[in-house]
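**Student:** So for the sequence shown, the UniProt record's numbering puts the first residue at 1; every next one is plus one.
Just so you know, not all the hints are guaranteed correct.
Claimed, not checked - Have a look at the derived ranges for each label pair, beta carbon to beta carbon:
1) M52 <-> E213: 23 to 31 angstroms
2) G147 <-> S189: 44 to 52 angstroms
3) R186 <-> P21: 43 to 51 angstroms
In short, the hints are calculated from the structure, not lab data. Ideal Cβ positions, reconstructed from N, Cα and C, are used throughout, including at glycine.
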Amino acid sequence: MAHYQRVGDVPPKRHTQHRDPDGSLYYEELMGEEGFSSDSSLLYHCNVPSAMVDARTWDLPDQSTETNAPLMPRHLSLHGLFPGDGWKGVDAVTGRRLVLGNADVRISYAVVGTTSPLYRNAVGDEVVFVESGTATVETVFGLLEAGPGDYIVIPRATTHRWVTSGEEPLRLYAIEANSHITPPKRYLSRFGQLLEHAPYCERDLRPPASMFELVETHGGDTDVEVYIKHRGVGPGGLAGSVHVVPNHPFDVVGWDGCLYPYAFNVDDFEPITGRVHQPPPVHQVFEGHNFVVCNFVPRKVDYHPLAVPVPYYHSNVDSDEVMFYVAGDYEARKGSGIGIGSITLHPGGHAHGPQPGAIEASLGAERFDELAVMVDTFRPLEIGEAGRASDDGEYAWSWTGGRRS
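Build the full structure now, drawing on both the sequences and the hints.
**Tutor:** Here's what the structure looks like:
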């Protein structure tokens with residue numbers, strides 16, 4: 001994120017003395033990427049940010065995965081993962097259930113009804129898509145209000161928590177990287193500004209609001225727990241720890257820089273269309289190492305007189321394709337049993353495309369009313385416990401009307 005921000009009380013010169021009204025020094029923390037060689041921000045704390053008084057292990061939610069074998073396209077129904085009122089005791093951190101994952105990215109789902117513990121992902125950046133519901137994401141940088149259609153982008157090692165009223169379910173689709181997540185490079189100038197042909201710009205991004213309320217609210221808190229996901233030798237190469245810190249980490253009085261969490265709403269994505277069907281890269285919104293994130297939004301479709309609006313059949317030679325269906329009617333999948341809350345996994349090595357009859361049915365369409373989030377990975381995805389629990393076992397045969405015994 002190359003969009004400079006300055007919030008709160010910072011000194012006129014970096015790395016110089018900065019004191020509170022009583023004369024005590026604030027503690028300057030540099031949060032930076034790639035070993036001082038990429039984007040960073042400077043935060044000014046009331047207390048020592050390294051201080052801790054205890055530590056213990058945190059048993060992460062099940063991170064085990066299984067190979068997609070035999071190789072099959074799959075339909076996963078996520079809305080069945082949290083039945084009844086079970087969501088009311090679930091939080092956005094410890095309640096995530098792993099759907100799919102590989103060495104580069106993990107996709108989880110949670111239906112949330114309670115406030116999460118303080119959390120820091122020390123493995124990589126996160127993009128959390130809000131399917132429905134509302135929450136406040138409290139961070140060391142300030143507050144982000146989250147609602148339906150929001151992507152919440154959280155840089156690695158940002159201490160934060162998800163606060164929800166619990167009156168309605170908060171449905172979250174979490175994309176966790178082992179890398180950083182950025183806008184696509186082709187949409188950025190060599191200095192990092194979003195270019196004119198990009199489908200969104202800096203005006204569409206919502207940085208954190210002032211954190212002063214957090215400083216005042218938590219100023220007297222002591223012995224506070226922070227849950228940390230980090231590299232380890234467990235399933236997926238992950239481990240968990242809980243640090244007990246002597247002061248609440250929301251003690252930042254000011255910060256400035258180009259690294260911080262932000263929100264982007266899918267309604268602010270301007271679709272790129274053409275006379276004939278456009279390939280999936282025109283829908284791209286973010287990228288990480290060995291994966292991309294795209295969104296398919298309501299849009300006018302192809303206007304060549306002989307255009308075929310739904311996708312052509314295609315083989316993902318280099319990637320697995322994961323589509324999360326959020327809203328609307330997805331023309332290419334009609335007749336397959338897929339609906340809102342579904343995921344399709346189309347693995348590399350298998351050609352996929354519209355369901356039978358969908359091509360003819362789409363001819364003459366002028367607009368598609370659909371909303372979906374797609375993740376394409378360039379290493380094979382394995383299936384997590386939530387993926388195994390939500391697989392309908394039938395999707396692979398939907399192009400032929402059923403499995404032949």
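**Student:** To test your reading of the hints: which numbers does this structure violate?
**Tutor:** Hint check: 2 fails alone, others pass.
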